[in-house]
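The listed protein sequences derive, respectively, from chains F and D. Going by our numbering, the first sequence opens with residue 2, and the numbers climb by one from there. Going by our numbering, the second sequence opens with residue 1094, and the numbers climb by one from there.
In case anyone wonders, no lab produced these hints; they're calculated from the structure. Do not rely on the hints blindly, as some may be mistaken.
Claimed, not checked - Distance condition first, Cα-Cα at most 30 Å in a straight line; then the derived DSSO-like pairs of lysine-lysine: (1) F:184 x F:36; (2) D:1483 x F:188; (3) F:299 x D:1283; (4) D:1141 x F:36; (5) F:35 x D:1637; (6) D:1374 x F:23; (7) F:184 x F:303; (8) D:1637 x F:36; (9) D:1483 x F:35; (10) F:35 x F:154; (11) D:1141 x F:23.
Stated by the list, open to error - Footprint (simulated), chain D over chain F, 3 or more residues, beta carbon under 8 Å: (12) 182–196; (13) 205–212.
The beta-carbon is built from N, C-alpha and C at its ideal position, and this holds for glycine as well.
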Amino acid sequence: MSTLLIIAILLLGFIVVFQIAKASEYVSVLKGEKKTFEQNNRINGFLLLAFLILGLIGVYWCNEMFKGKILGEAASDHGEKIDNMLYITIAITGIVFIITQILLFWFSFKYQYNEKRKAFYYPHNNKLEALWTAVPAIALTVLVGFGLYYWFKITGDAPKEANVIEITGKQFGWIYRYPGKDKVFGKKYYKNIDEGNLNQLGLLWDDKAAQDDIVTNEAMYMVVGKPVKLVINSRDVVHDVGLVHFRMKMDAVPGTPTTMWFTPKYTTAQMKEKTGNPDFEYEISCDQMCGKGHYSMKGIVKVVEPAEYLLWLAKQKPNYVMSNPEPAVAPAVPAADSTATAAVEATKSLSN
Amino acid sequence: MSHEVNMHGQSEVITTHEVHHDEHHGHHHKETFITKYIFSQDHKMIAKQFLVTGIIWAIIGGLFSVLFRLQLGFPNETFPFLETILGKWAEGGKLNPEFYYALTTMHGTVLVFFVLTAGLSGTFSNFLIPLQVGARDMASPFMNMLSFWFFFAASIIMIASLFVQTGPASGGWTSYPPLSALGDASEGSKIGMDLWLIAMALFVVNSLLGSLNYISTILNMRTKGMSMTRVPLTIWALLFTAVLGVLSFPVLLSGFILLLFDRHAGTSFYLSDIFLASTQKALPNEGGSAILYQHLFWFLGHPEVYIIILPTMGLVSDVMSANARKPIFGYMAMVGSMFAIAVLAFLVWAHHMFVTGLNPFLGAFFVLLTLLIAVPSAIKVFNWLTTLWKGNLRFTPGMLFSIGFVSLFISGGLTGIFLGNSTLDIHLHDTYFVIAHFHIVMGVSAFFGMFAGLYHWFPKMFGRFMNNTLAYIHFWITLVGAYLIFWPMHYQGLAGVPRRYLDFSGWASFNQFDGLNRFISIVTIIVFAVQLLFVFNFFYSMFKGRRVRTQNPWGATSLEWTTPINPGHGNWEGEIPEVHRWAYDYGKDGREFIPQTEPVGANETPEGKH
């Protein structure tokens, strides 16, 4: 019923507007075309000026309203660089925006039709054109310079002491892997993935390095103040690791691992205080369309003190132990078998 | 409709550029309804066919955005009427996530390709090129007709994909594999995706047939005296657009064909190391690269945005100059900057891929080349501003939309400087900032340019005027609405809110904008309703609008206004006029305007001097 009412009101509105528009056409015929034109021109000229003024006020008001809602301080060193770049860009483009919009609407208002004025025949001026080729070029050189300086800092190699964590996207969640005591990630092969058997990454158990790898879906733990390098994988479609508080982002591409690194500046606990939100968590958002659950593909990053990190790490069981619950000596044979077949398959498909 | 008597027969038109004399213009060639309105080879009728199809698509695409804005603005409410219309896609009055993504995907595909490429270029290239260069029709009227019918076939298949059981394509308008390659990864990647790919392939054919025609017509069929430095900027813009299309659309097609192979022929161009949770099976494909598709896609995808915006730059330049009663400032600089944009368009595609794991060193070149585009864009903006300066401006609806175009182009262009800078793109990539940027700079701007063109050339198309009052209402609500919708999205983007999320309630980082989302949705509905008002005005005025009584109602210089009020097939009765000057002699030597056909007088200030 209410839908019908809304449609009826809309239709009525249309008819009213249309009738007014129609009537105004007759009025203009009565009044004379010239007079109507001049009147319309004045009204629109005035509206253009009003739009400029109200628009600029609106922009200011919008800034005030959203200042507190867009992210606070960046929580990583790279994030700070990105924020610096952002401020430089906002400053330069902001000035250009205000000047050009004012000129556009002011000229429109000032030079609106006037019976007495003759338009100025002014086809070109090389000096002026050279000026507004050179000035934007210089401004952009500055922006490119800063941009690339920061870009190479951010995308450069991670420091040697960085903690390496592997993060793998799947429809619709995240899997985190830690290399374990040996600090080396074991080999894995996607055809070996067996979720029923808790091997969600397809680790190859005959690789010694894989046996102490820790795999978890709970959260990604990292140490505050220590560089962390993420090796990013996907198990199915393209995902993207979005770390909004750290201002970092990198695609997860099946078959092609990618990396990014940064240094978290504040622990989750510190952020809770800083933001005044006792439930604060660093969230990982998927930023590349990955299917119907895309909007809910969330992960959590826990940034903790070194001691807490060690404590957490000590509590984690290697994936090998969870996936092979028998006593440690016995499973070597079946495990070796399954990997052997996988390896054979792997060589087969490679040779294909 | 007395002009019909003077209409050319079809067979005559094939030999167009030969001189026609008045006595040829009898009514011995009868046109049937079918040859005149359906399988027409008259460029003007084909233009109108593109236009009307484009308008229908625009309504559908716009309606999709209204539907998904309902979800975004009111995520906790149910709309029972949605279930009435959409059935299982909106059970209980709430959009099913899969269908939400189908809506956004189709909204993007429809508006980018079917409206702003075919609807825009198809309309204005077909309509204006022969009229403004002084030709009786296109180089190949038959190919031109085929171009429309390929577009029509593409439209039918795309529409059909909306009605298949598993739904239309839902992987985003970019359709990145593996998501788009695997039916088990998403419902929309089943038959809907095949239909999408076939429709797009036909669309590419339409674009190629059209573009080749536009290029050959502009290069070969200009009338006597119409040198390339005398054609209106619209013609230059349409020429560059066509060249971009010819060079980039085939690459897209190749990308699509490889995708079809991956889907059905067991190849691994884009697929590698995939284990699907829905089937708990590992796929056999190894060694493919999902990123390869993105390169192929964006090699078209980036030029595509210039394919959309360049024609409107041309239209706006001409409409603005005619209504400022003043020549366009810096004609050669305008042509040069369009040329620069067209060249750079091919060298910047990877700026869509800064966070795909692209080599950072390579990324640096794309940053440089991308930001370089700001220079020709800035030249254009300043030239438009100078065109307004000391003019004598008539605020016709076309002129208002031109001014609105420049305002939006500035706003959207400046945010491009953020996104083209890889450092900032790390944070802003795939957020609402991107949505705001491209909707303003190529979505709404291009629409403004198109509206400017439609209001300006409507009298030429239909021999009638559109209603001014409705046009002013349309302009003001659309301009204010466009800013109200997209300006706040920049803030959401700075906060990192990801695009393609239909519900933020599960996110502590992104749920602070509920009120704003509701506001944007309400404005969207209002703006959409006003577009319907435009559509009404368009069709009503076509039949009942005020008649055009003079040949040149805007007092414009270019050739199309030397044709009869309702030109027949062949455009000019008698000989095609000869051209003696450029198209921008407004306000010269104290005269209001001097048509291109008028010989240069003995005492006249020489060309280019002032």
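Hint check:
1. With a C-alpha separation of about 84 Å, the suggested pairing of residue 184 (chain F) with residue 36 (chain F) is violated against the 30 Å cut-off.
2. A C-alpha spacing of about 72 Å is found between residue 1483 (chain D) and residue 188 (chain F), which places the hinted pair above 30 Å, so the restraint is violated.
3. At roughly 26 Å between alpha-carbon atoms, residue 299 (chain F) and residue 1283 (chain D) fall within 30 Å of each other, so this suggested pair holds.
4. At most 30 Å may separate the alpha-carbon atoms for a hinted pair to count; residue 1141 (chain D) and residue 36 (chain F) exceed this at roughly 33 Å.
5. Annotation: proposed proximity of residue 35 (chain F) to residue 1637 (chain D) holds, straight-line Cα distance about 22 Å (limit 30 Å).
6. Annotation: proposed proximity of residue 1374 (chain D) to residue 23 (chain F) is violated, straight-line Cα distance about 66 Å (limit 30 Å).
7. In summary, the hint linking residue 184 (chain F) to residue 303 (chain F) is supported, as the alpha carbons are separated by about 20 Å, within the 30 Å threshold.
8. For the proposed pair residue 1637 (chain D) and residue 36 (chain F), the alpha carbon gap of about 23 Å is at most 30 Å, so the pair holds.
9. Between the alpha carbons of residue 1483 (chain D) and residue 35 (chain F) the distance comes to roughly 22 Å, so the proposed pair stays at or under 30 Å and holds.
10. Our distance criterion of 30 Å between C-alpha atoms is broken by residue 35 (chain F) and residue 154 (chain F), whose separation comes to about 64 Å.
11. With a CA separation close to 25 Å, the supplied pair residue 1141 (chain D) and residue 23 (chain F) stays within the 30 Å bound.
12. Taking a C-beta to C-beta cut-off of 8 Å, the stretch 182–196 of chain F contributes 4 residues in contact with chain D, enough for the three needed, and the coverage statement holds.
13. Given as covered by chain D, the stretch 205–212 of chain F fails the check, having 0 residues with a CB less than 8 Å from a CB of that chain where 3 are the minimum.
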